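Q: Each chain, written out:
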Amino acid sequence: MNIKFKEIVINTKRRREIVNITEEIQKFVNESKINNGICLVYSTHATSAIIINENESGLLEDIIRKINEDYPIEKGWLHNRIDDNADAHLASTFIGPSVTIPIKDGKLCLGTWQDIFFLELDGPRIGRKIIIEVLGV
Amino acid sequence: MNIKFKEIVINTKRRREIVNITEEIQKFVNESKINNGICLVYSTHATSAIIINENESGLLEDIIRKINEDYPIEKGWLHNRIDDNADAHLASTFIGPSVTIPIKDGKLCLGTWQDIFFLELDGPRIGRKIIIEVLGV
Amino acid sequence: MNIKFKEIVINTKRRREIVNITEEIQKFVNESKINNGICLVYSTHATSAIIINENESGLLEDIIRKINEDYPIEKGWLHNRIDDNADAHLASTFIGPSVTIPIKDGKLCLGTWQDIFFLELDGPRIGRKIIIEVLGV
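Protein chains in written order, with my numbering: chain A, 39 to 175; chain B, 39 to 175; chain C, 39 to 175.
Any given hint could turn out to be false.
For chains that are exact copies, the list does not tell them apart, and a pair is met inside one copy or across any two.
Claimed, not checked - Derived pair list, reagent style EDC-like, types lysine to aspartate or glutamate, alpha-carbon separation capped at 20 Å: (1) K71 to E55; (2) K113 to E94; (3) K167 to D153; (4) K65 to E45; (5) K42 to D143; (6) K167 to D143; (7) K42 to D121; (8) K142 to E69; (9) K113 to E99; (10) K65 to D122.
Just so you know, these hints were derived from the structure itself, not from any lab. Predicted, not measured: the structure shown is a model, and the values here were computed from it.
Let the sequences and hints guide you as you build the complete structure.
A: Okay, here's the thing in structure tokens:
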């Protein structure tokens, strides 16, 4: 069995932002020479998330709108007594920091309408770190 | 280490529908002869999800009711300029396309009240594909 | 490849409660002598979840407040015809029973502000079982 790691570093420009990382991940799967296994994509931040869905600009705006509606910035959050980003922590908690995708015959088993995205919830930020781990044979 | 894949194909009949796939997954775990490892259940669609909870008919209806309330079909979603299923994409994005379950002594480590379900969010559809991957020894 | 399992047993005291399990998990990763791989943390209950976020007391209260708002106890849930905890099942369904974290150089790849928590949604309960599985080399 082989295990390979890669760290992707992302700089974001807006408070909420969706960054497509599919190509970088598939490229690393290719480089890993691992043909069958799993790919774990893990964000090391408590105010971000990793999501999978369709790469359509309207939908990506809908996702951000939905997050803004479900996690309002001002709602008397207790965490905001010491910081100003409780909304981002809450969204990150419930959306989750990672996804796991099967790798078969050297390819990520993504469906036709599935891309992998880093979801910035409290940008702009420099140096967001995402770990890609490929494990298999 | 061994890795085994199986594809489950599901046809759905309603817009929102919950399909119990636990038995098929456990059967494949048995066939794989892998005694200890993980089972990754991954849906290849951007308008579906995989969930784990209790197989009780009232609860399954509650789950669908909750999705309908949280992801209304008409709410001026931008994705609906080019399609009519933004609600399904949004629910899929936030619920997630996969689950990972430990396998120990040849069995999925599901609790007494845990079953695994395919969640159709934009049916009816023919040929929904779910990948089951068993990895271990 | 090696695979090691450990079961954590937790007793909770309140209906909603957040229990930090990070230290026990890292300790088990150390004991496993597995340096590179993955750590799957899986709750075997349909009225609980596993989450990752910052260990800040205000935020942990915000998380519980948000769950109470999003999953009200009384809302005519059908599951409550046979039980009284539909809200807990629904939260568990959508938040999810597990997390997977990369292990690199013997350490969980958690970010500075990431801890791992058991989320009780229907306590108080005796004997909540969480499976920690470490898989790797």
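Q: Against this structure, judge whether each hint is valid.
A: Hint-by-hint comparison with the structure:
| no. | hint | result |
| --- | --- | --- |
| 1 | K71 to E55 | neither (32 Å within a copy, 39 Å between copies) |
| 2 | K113 to E94 | between (31 Å within a copy, 17 Å between copies) |
| 3 | K167 to D153 | both (19 Å within a copy, 16 Å between copies) |
| 4 | K65 to E45 | within (13 Å within a copy, 25 Å between copies) |
| 5 | K42 to D143 | both (17 Å within a copy, 12 Å between copies) |
| 6 | K167 to D143 | between (28 Å within a copy, 17 Å between copies) |
| 7 | K42 to D121 | neither (36 Å within a copy, 39 Å between copies) |
| 8 | K142 to E69 | both (14 Å within a copy, 19 Å between copies) |
| 9 | K113 to E99 | between (23 Å within a copy, 13 Å between copies) |
| 10 | K65 to D122 | neither (37 Å within a copy, 33 Å between copies) |
Against the hints set out earlier in the document, violations occur for numbers 1, 7, 10.
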